[in-house]
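Trainee: Okay, here's what each chain looks like letter by letter:
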Amino acid sequence: MQNVKWKILSLLLPVFIFAGDLDNIDISFDLGDVDKPYSYKGYIKPELYYIDDKDKYKKIKTKLNFEGDYKKNEWYIKGNWSGYYINDEKDKKTFGIINELYVKYGNVNKNITVGKELLKWGKGYAYSAVSFFTRPKNPLYPEDLKQGYELVHLKTITTTDTDVKNYSLDLIYMPVTDALNSDLQKSQNAGAKLYMLYKNIDIDLMFRHSNVEADLFGGDFSFNILTELEMHGEYAFDEKNENSYLLGFKYASDYDFSVTGEWYKDLNKNRLVYTKISKKDFYIDYLTAYITGMRNYTKNMNSLLIGGNYDFKNNFITTLEYFTSTKQKYIKFTLGYYF
Amino acid sequence: MKRILIMLLPLFLMAGNILDEIDKNLNPTSFEAYKKLINIEPDGTKKEFLMWMIKKDKDKIENLFLKPATDNGRALLRLGENMWLYIPGIAKPLRVASAQSVTGGVFNNSDILRVNYSSEYDIVKQQGDILYLKAKNENVTYEKVVMKIDLKRKLPVKLDCYAGGVLIKTIKYGKITDFGNGIVRPAVMMTTSPLQKGYKSIMIWAKIKPRKLKDEYFTLEFMPHLNEIRK
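Order-wise, the sequence lines are chains A and B. Under our numbering, residues 1 to 339 are what the first sequence spells out, in order. Under our numbering, residues 1001 to 1231 are what the second sequence spells out, in order.
Just chain A, with the same shape it has in the complex (with noise of 0.2 Å):
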């Protein structure tokens, strides 16, 4: 018996020797209500702007965002809502805006959406020429694009075995009346965007038809040239025989240092041309450092946006940013608190 021990004692033994410190940590942890039917979040950001254009002036601008979604069953609701405190010594003034309030039915399979969504299409990080439902993004600050359109959206995702690996199908109508979607020209709208992974690239068809605007089509894709580097691409054309088309790339290092950079013509023929270098834990941790430039070849226009956004850990960011194009200089300071 004492032999047996011996032997279990002996197989069992480096398990302790290496599992040690491992074992004394503690597992336990609280969920809190993110294991709920419901979530929330979002966050108010304070910003003070030293601008410096014909004149020179402060500017403070506060946003507050919240988001939040229910599930039950399959049906799903989402709202995300910002508002606006704008101060820039010259005026005041206060507005909020609902970004996206939308009901959804369905599956993963098949769903039906109605409501106000964000859509995003395309392959573009700070431009976009297929993104036809969805207004324009601002180049320095893409993420803060939140406002969707009110539509109809219809979504199927199937995966096979095959080459494709995976396909979706969105089926798109936007009215455009005086109560919906009032800030656009009145029209009836329609779409459709066809994606698949074939093999390891990322494509997408799409168009637009509209009873008031020139029909447009479009097509991107994005693909691993090297494991660090991404390439990207857009094409778009309407019936006018107008084209609009994107080329990118996005290079990123094992140590977190990453280079973006797109080469763009719009619609009205603006060609422009934008890089971005960023650099995460730059010198110290949680400091992420960047540099972005941009240049419009047409209106012949330069901008450089030098920042470094630093992560408190507890929820808080701060950011520092000074500005510089051929129209305008300012330096921002952001304190944005996360909930």
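Please note: incorrect hints may appear among the correct ones.
The list that follows gives simulated cross-link-like pairs (lysine to aspartate or glutamate, EDC-like), each with its CA atoms no further than 20 Å apart [said to hold, decoys possible]:
1. B:K1231 to A:D33
2. B:K1200 to A:D254
3. A:K63 to A:D88
4. A:K313 to B:E1216
Rather than coming from a laboratory, the hints here were simulated on the basis of the structure.
Guided by the hints, dock chain B onto chain A, whose structure is given.
Mentor: Just chain B, lined up with the frame of chain A:
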């Protein structure tokens, strides 16, 4: 002599590829789980992440960040060697490199989105409870791994990970836990690196549950909607 033979018996009983058995013991074929990731800096300060994850088959895995609030809604998808990061607000999921780290700390993206060992490595040699593994191709983050295993449970205990012939990371598993549904596996994974002296990162698993998952959940188009199936 008889005692030695008894001690070595488990080695001879290891039929087939032991990596497949280790993978099977670590992960059910299709499951969901919550993970807490803690980055600990040399001065003792910590940053914690709470994630919900789903995994199916050998190489489909997806993570949704729930905490901290600054990262809430971010999603990481891995399909074989392809990896994407979805950041709410950015139009498309961005392709990311496996050796990068979206969380900072010592864990890189391939550690966070760990696919089955057998899909990335071949056993070159086995000496007792030590497996010498070699990457199947050059896209795998660590070209060589020396894995110490628990022969009885067929679970990993410690991994020394090499790239360019240099030890770049040590990963230790611990705290064997019964998660129910026959899942008995380490609840903790800790990593340190000689390249980041004084830093360590810990991953703790909870609520590991088998779940039928559709392949469509592991698509770029579904990444922005991942939170919808968590509820």
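Trainee: Now tell me, hint by hint, if it's right for this structure.
Mentor: Hints, one by one, checked against the model:
A threshold of 20 Å between alpha carbons decides the hint, and for K1231 (chain B) with D33 (chain A) the separation of about 11 Å falls inside it, so the pair holds. The suggested pairing of K1200 (chain B) with D254 (chain A) holds, with an alpha-carbon distance near 18 Å, which does not exceed 20 Å. In summary, the hint linking K63 (chain A) to D88 (chain A) is supported, as the alpha carbons are separated by about 14 Å, within the 20 Å threshold. Taking the CA atoms of K313 (chain A) and E1216 (chain B), the gap is near 34 Å; set against the 20 Å cutoff, the hint is violated.
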